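Student: For the protein sequence lines, the chains are A and B, in the order given.
Following the numbering used here, the numbering of the first sequence begins with 3 at its first residue and continues without gaps.
Following the numbering used here, the numbering of the second sequence begins with 12 at its first residue and continues without gaps.
Read the hints as simulated data drawn from the structure, not as lab findings.
Possibly wrong hints are sitting among the right ones.
Computed Cβ-Cβ distance ranges for the label pairs, DEER-style [to be verified]:
no. : chain 1 : residue 1 : chain 2 : residue 2 : range
1   : B       : 48        : A       : 53        : 29 to 35 Å
2   : A       : 34        : B       : 88        : 35 to 41 Å
3   : A       : 31        : B       : 109       : 26 to 32 Å
4   : A       : 59        : B       : 33        : 23 to 29 Å
Looking from chain B toward chain A, a few residues come up when the C-beta cut is under 10 Å (computed) [as the list claims (entries may be wrong)]:
no. : residue
5   : 17
6   : 19
7   : 89
8   : 93
9   : 123
10  : 125
11  : 131
12  : 133
13  : 135
14  : 136
The structure presented is a predicted model; accordingly, all values stated were derived computationally and were not measured.
Cβ atoms here follow ideal geometry from the backbone N, Cα and C, with glycine treated the same way.
Below are the chains, spelled out letter by letter.
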Amino acid sequence: MRYALLVQGAPYSSQASHSALRFASALLARGHRLECVFFYHEGVYNAARLAAPPQDEPHLHDAWCALNAEHGTQLQVCIAAALRRGMLDEREASRHGKHGHSVEPPFELTGLGQLIDLGQSVDRLVTFAP
Amino acid sequence: MSSHALATGDLLVILRHAPHGSSWLREGLDAALVAAAFGQSVTLLFQSDGVLALARGQQAGPLGQKSTAPTLDMLAMYDIESLFFVEDALASFGLTQQDLQLPASGIPVTAIPELLAGHKQILTF
Numbered sequence: 003m004r005y006a007l008l009v010q011g012a013p014y015s016s017q018a019s020h021s022a023l024r025f026a027s028a029l030l031a032r033g034h035r036l037e038c039v040f041f042y043h044e045g046v047y048n049a050a051r052l053a054a055p056p057q058d059e060p061h062l063h064d065a066w067c068a069l070n071a072e073h074g075t076q077l078q079v080c081i082a083a084a085l086r087r088g089m090l091d092e093r094e095a096s097r098h099g100k101h102g103h104s105v106e107p108p109f110e111l112t113g114l115g116q117l118i119d120l121g122q123s124v125d126r127l128v129t130f131a132p
Numbered sequence: 012m013s014s015h016a017l018a019t020g021d022l023l024v025i026l027r028h029a030p031h032g033s034s035w036l037r038e039g040l041d042a043a044l045v046a047a048a049f050g051q052s053v054t055l056l057f058q059s060d061g062v063l064a065l066a067r068g069q070q071a072g073p074l075g076q077k078s079t080a081p082t083l084d085m086l087a088m089y090d091i092e093s094l095f096f097v098e099d100a101l102a103s104f105g106l107t108q109q110d111l112q113l114p115a116s117g118i119p120v121t122a123i124p125e126l127l128a129g130h131k132q133i134l135t136f
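Same shape as in the complex, but just chain A (with noise of 0.2 Å):
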């Protein structure tokens, strides 16, 4: 099955993230394939590319990274929740005239849209909030 997740809960603030990462392996282990994970209300920090947890605890940026590195599962987030909390990549930082951004590749800001789309493309969307 084509899965994609719906992440809403800040790392190390909420379970979602974590389980959303459990969920993930466990269905990409079961031989499914997972197309996307959008990241939403306070989920969008799990974007954030200085997140610098102590060594002992999950990397959940990390995590997301591998995600995408070794299963190809695309990172969206969503523009509008993103930029009010100040996570900015690149470009939006320079647009908005801020030294520094917050997020890089392979997460990607992106429209609200892309999640309804997700929604009518996938077979299960799953939400994960806190």
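With chain A held as given, fit chain B onto it using these hints.
Tutor: Frame of chain A, contents of chain B only:
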């Protein structure tokens, strides 16, 4: 149970949070509007604290958060006219249908499964 037929559609958006305390309601409504703009038929279900979103006369308030009342007024423009609230939830706040900003239909908790089953996709906020 009321006599109206429960709605079916492409997307059911469940709103469980009151305005102002968090951005759940606002971002949930945004998702509903975008889906409608993409041509999907959208139903809203206001559940638990979410019923407070329907209360009449809401403003931005002294804390300065953006009010969701104008967004609710825009729903009709996006053809989102299928609005439901859970009767018990509204009553638990001492509110009646007369206190609501928009025409919404009350349903008992027991009707929620039927509403869920009638939609291809469900997003919960």
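Student: Run every hint past the structure and note whether it holds.
Tutor: To see whether the hints hold, each was checked on the structure:
A C-beta distance of roughly 33 Å is found between residue 48 of chain B and residue 53 of chain A, which places it inside the suggested range of 29 to 35 Å. Look at residue 34 of chain A against residue 88 of chain B: about 39 Å separates their beta carbons, and that is inside 35 to 41 Å. Separation of residue 31 of chain A from residue 109 of chain B is about 54 Å and departs from the stated range, judged on CB atoms against 26 to 32 Å. Between residue 59 of chain A and residue 33 of chain B, the C-beta spacing of about 26 Å keeps the proposed range 23 to 29 Å intact.
Given the 10 Å rule on beta carbons, the hint for residue 17 of chain B is violated: about 21 Å separates it from the nearest Cβ of chain A. Hint status for residue 19 of chain B: violated, given a least beta-carbon distance of 16 Å to chain A, over 10 Å. Annotation: interface hint on residue 89 of chain B violated; nearest CB of chain A at approximately 13 Å, more than 10 Å. With 10 Å as the threshold, the beta carbon of residue 93 of chain B stays out of range of chain A, its nearest partner Cβ sitting at about 17 Å, so the hint is violated.
At its closest, the beta carbon of residue 123 of chain B sits 17 Å from a beta carbon of chain A; the interface hint therefore is violated under the 10 Å criterion. Because the beta carbon of residue 125 of chain B sits about 21 Å from the nearest beta carbon in chain A, more than 10 Å, this interface hint is broken. The criterion of a C-beta within 10 Å of any C-beta in chain A is met by residue 131 of chain B, whose closest approach is roughly 8 Å, and the hint holds. A hinted interface residue such as residue 133 of chain B counts as satisfied when its beta carbon comes closer than 10 Å to some beta carbon of chain A; here the least separation is about 8 Å, so the hint holds.
Using the Cβ-Cβ criterion of 10 Å, the hint placing residue 135 of chain B at the interface with chain A is satisfied: the shortest such distance is roughly 6 Å. Among the interface hints, the one on residue 136 of chain B holds; its C-beta lies about 8 Å from the nearest C-beta in chain A, closer than the 10 Å criterion.
The structure fails hints 3, 5, 6, 7, 8, 9, 10 (numbered hints given earlier, in ascending order).
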